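Trainee: Here is how the chains run, residue by residue.
2 protein chains.
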Amino acid sequence: MTSMKCHSCTARAAIRMRQHRLALCKDHYLEWFVEQTERAIKKYQMFSHDEKILVAVSGGKDSLALWDVLWKSGYSTAGLYINLGIDSEESYSQESERYTREFAAERELTLHVVNVAEMYGETIPQMTQRTRRGRDKPCSACGMVKRHEMNRVARDLGYEILATAHNLDDEVAILFGNVLTWQADLLVRQSPVLEAAEGFVRKVKPFVRFYERETAAYTLLRDIPYIEEECPHATGSKQLYYKDLINKMEEEQPGIKLAFYVGFLNTKEKGAFRNLPEAAEGLELSPCPNCGQPTTSSGLCAFCRMVNI
Amino acid sequence: MTSMKCHSCTARAAIRMRQHRLALCKDHYLEWFVEQTERAIKKYQMFSHDEKILVAVSGGKDSLALWDVLWKSGYSTAGLYINLGIDSEESYSQESERYTREFAAERELTLHVVNVAEMYGETIPQMTQRTRRGRDKPCSACGMVKRHEMNRVARDLGYEILATAHNLDDEVAILFGNVLTWQADLLVRQSPVLEAAEGFVRKVKPFVRFYERETAAYTLLRDIPYIEEECPHATGSKQLYYKDLINKMEEEQPGIKLAFYVGFLNTKEKGAFRNLPEAAEGLELSPCPNCGQPTTSSGLCAFCRMVNI
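Residue numbers (our numbering), protein chains in the order written: chain E, 284 to 592; chain R, 284 to 592.
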């Protein structure tokens, strides 16, 4: 990859991170990556070794890396895989489920699997085809289903924490979109930790400070097999568009991604957005009459409106 | 330009504005442009017909358009041209001064001219070459000189209002840079109107809601000669880089520029950033011992530190 030396020993560097002015060999990189995860967990007071953590896993590099690090660090974890039924051409869901099951079996970890079609009678492609929200914004509809299911399973099975593997690139793309349209309600809630609230488990994102290429490097260097394809539905999504754009900025200004995200968290911490009406949390939540999950709607929640025909 | 019809009459449209879903012929465009300016002046309570307005003019399309509109609308205006001495290759300053003088003479308007080299013994290129700040960020150093001189002249000559022709593209590029690094002090102060404060005149930007191509179209359709070259020093500046990037986003999502800027103003209006320590204005300003303008520095202000050898 590079002819540079590792900053911690004399070995050849396996990865160079311009944004951190750091180059490391394979062993020191894997060590550094675990330490950095631990640091984020402590910094944002995510969880302790006594808590039961449900890790949302997709079979991709980020979520398998997260589960691997938490497992190696001795946390009490189980996985949750949600099969979305996206199998038209590349058998995307089948393949990603296989990777996830193999990962769990190899480490003798508990994996919960939800199959959307079995649970709700339709795959995500069928659901998004049928509904207007799905046709307009398939990624947003799919995200809503996943959030609903993650929260449901975590509560039903008694997990205190739900961990997702959003990395810095993910968070920055989300933040970028939220800032472009100044979505105050979303800005207020975008955080490495979302505290538990009536009907919601605690949500944490231990990888928020990792660049995507850092989680990719970890998975590669640890030889973890994962699904390399992007979801075929994501092609042309705004999220991917923003990621490309921000990657171009990062090339010009190494470190801008981290500065943008950390600057946002600091600004919020200092009190920006606190005054906004949108910051008043959970004021109008009530349980959905069908699924029981909290919703701002007076009738069925958005998930049940989409799922129930 | 387009085969569309004007929305207000049957003539062929001279300009189509996707962001406003509007196409207009030459006459109706010029009318619309003046009305929109008037609307911004009222909306942000910028100034009345009784106040004396100093318009900062560079000889470019935006500032000559602004002066033209304010003049046509019967406001009491004079111009201020600052000759920066940027004349190495393209005679940029000489040419832009000529355009400005011709514009003022044709309309029998008062034009004040400041020549930086005559006033301070050095041109901007000489100043930026000599100083570290200038070498690192020539546009930022030049901007500082211009802001200092605009405020000085307005105060010395008794103008109550200083009007600059920043358009939406300018504001969005500035906002984009400020948001990327969450420069809270700059976010707090970015506004179509900066109220007068101890030592500072009132600053207004009547063109903040116009796209750059709208001011360009106005200047062209009004047959106002202006300097078309960009400042040779601006090549490769962050500002231009952000503008390009945002223009690409605008192509994908027409209207995103205006939504980004107006969303920011609304979010600020609703109270975001108000809690920030950076929002406490003018607390530590004291007059510069040399020029008398307010500064946060305990000694000379940044301008005098740069100018005085």
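In case anyone wonders, no lab produced these hints; they're calculated from the structure. Note that the coordinates shown come from a computational prediction; the quantities given were computed from them, not determined experimentally. Check each hint, because a few of them may be wrong.
Since copy identity is lost for identical chains, a pair holds within one copy or between any two.
EDC-like, lysine to aspartate or glutamate: derived pairs with alpha carbons at most 16 Å apart [as the list claims (entries may be wrong)]:
{"no.": "1", "residue 1": "K553", "residue 2": "D506"}
{"no.": "2", "residue 1": "K326", "residue 2": "E512"}
{"no.": "3", "residue 1": "K521", "residue 2": "E534"}
{"no.": "4", "residue 1": "K521", "residue 2": "E535"}
{"no.": "5", "residue 1": "K521", "residue 2": "E533"}
{"no.": "6", "residue 1": "K551", "residue 2": "D468"}
{"no.": "7", "residue 1": "K551", "residue 2": "E561"}
{"no.": "8", "residue 1": "K531", "residue 2": "E495"}
Trainee: Look at each hint and say if it fits the structure.
Mentor: Verification of the hints:
1. K553 - D506: neither (41 Å within a copy, 50 Å between copies)
2. K326 - E512: neither (33 Å within a copy, 51 Å between copies)
3. K521 - E534: between (20 Å within a copy, 13 Å between copies)
4. K521 - E535: For K521 and E535, only the inter-copy Cα distance (10 Å) is at most 16 Å; the intra-copy one is 22 Å.
5. K521 - E533: Result: close only across copies, 13 Å inter versus 18 Å intra.
6. K551 - D468: both (13 Å within a copy, 14 Å between copies)
7. K551 - E561: both (13 Å within a copy, 13 Å between copies)
8. K531 - E495: The answer is within: 14 Å in one copy meets 16 Å, while 24 Å across copies does not.
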